[in-house]
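There are 2 protein chains.
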Amino acid sequence: MVFSSRLIEEAVEAFSRLPGIGRKTALRLVLHLLKEAPDETHRLADAINRMRDEIHFCKICFNVSDAEVCSICSNPARRHDLICVVENIRDVMAIENTQQYTGVYHVLGGVISPLSGIGPDDLTIEPLVQRVAGGQVQEVIMAISPTVEGDTTLYYLSRKLSSYPVKLTTIARGIAFGGELEYADEMTLARSLTNRLPIESYLHTEALSPRPPQQSEETNELNTPER
Amino acid sequence: MVFSSRLIEEAVEAFSRLPGIGRKTALRLVLHLLKEAPDETHRLADAINRMRDEIHFCKICFNVSDAEVCSICSNPARRHDLICVVENIRDVMAIENTQQYTGVYHVLGGVISPLSGIGPDDLTIEPLVQRVAGGQVQEVIMAISPTVEGDTTLYYLSRKLSSYPVKLTTIARGIAFGGELEYADEMTLARSLTNRLPIESYLHTEALSPRPPQQSEETNELNTPER
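First to last, the sequence lines map onto chains A and B.
Just so we're aligned: 155 in our numbering is position 155 of the first sequence, and the numbers increase by one with no gaps anywhere.
One gets our numbering by counting positions in the second sequence from 1 and adding 1000 to each.
Looking at chain A on its own, in the form it has when it is part of the complex (with noise of 0.2 Å):
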């Protein structure tokens, strides 16, 4: 590409280095800001720089926070002996939208992968292990993804943490709600077999879910208009 001016060509150089964004994308959107009121693009400049420089990682749970304790770590109404290990910032967010969920976190940073040079030390595991040795810990409740290395990242955990008196669970594995059989594939369906539930547990958790039985047959109804 040949750009006309530096300035352009310097913004879509570091436009073009964040993932998914080629040249041709970074250019669009250098374009866009060309064309936008200058408070708009000031208002994206400052907003990048503010959340680099003044952003704080929870010394507790490692989550994303704007204080030195992040606002879940710091709520006296959740279960602060119940802690939900994740990998990352994301997966926080997807549990918290499910507004289920009352214990606090701990945020890994990733899983173990040898391949990516990733060790147990570049990861949060030694506070992780300091927390449960405090004592006041009384489960845990590995929510990581069931890959190669999320599996070997749970399985060094639990070395980790089978010294300590604190019961150590996972997320369950099986059929996601809403998927079909015929489309699973065998090792989660092996798995579901394997681990099946009594049909009470079930209706619990139903329950349980952030849609309740009566919102949902509402839902069903203005989904199906011709009944």
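Note that these hints are calculated values from the structure, not bench results.
Keep in mind the model is a prediction, meaning the values are calculated, not measured.
Just so you know, even glycine gets a beta-carbon here, dropped at the ideal spot from N, CA and C.
Just so you have them, the derived chain B footprint on chain A, three or more residues with Cβ under 8 Å: (1) 2-15; (2) 18-27; (3) 45-53; (4) 82-95.
Derived contacts from chain A toward chain B, CB cut-off under 10 Å, selection only: (5) V30; (6) L33; (7) L34; (8) E36; (9) P38; (10) E40; (11) T41; (12) S65; (13) S71; (14) I72.
If you want a taste of the chain A side facing chain B, the calculated C-beta under 8 Å gives, among others: (15) L31; (16) H32; (17) H42; (18) N63; (19) V64; (20) C70.
Chain B: place on chain A using the hints.
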């Protein structure tokens, strides 16, 4: 989406105002920036701010520029009696990339589009008329997209410039190089037949193309090593 940090939320909000970037992509970009070195993030913000604050629009052709007059308009080696009229900066880049055009440009800033509320006064039509009225211009090439709005603009410009002793041309419409006749639309094919070229003129164009015939043969040989 539930954000645990107001700073993150503001950055996601700012990113998702860019075209083609939704909140999920914005979050991915923000979390990427958080992982990178702070220098990288500040480099992006600085490039955005400087691009917006220091950019000029060339006072002659309205192309983006680092100075008051752009590098094309201030280049004495280019033909200043030949003006190519384009819609936007991206079109200038596209034509410059061909390395075949030695004249100067005039960036309209869009096309006349009553539906979008863009009239002739919103474009740089008056400055173009002034340039032509100066008397130094021999030919104006309209390189405007062949859409309804583009054709309206072309017609308006040709009326405005008709009283000056200047040659008005438009870039050739026809079957794209490498295109197949059976997939061409009727309009393009019909115009290609009406405005047919003498063979010598076609061969002459070939010789001017960025890739000389010898190299083109070499490339073919590289692509088909079995020969």
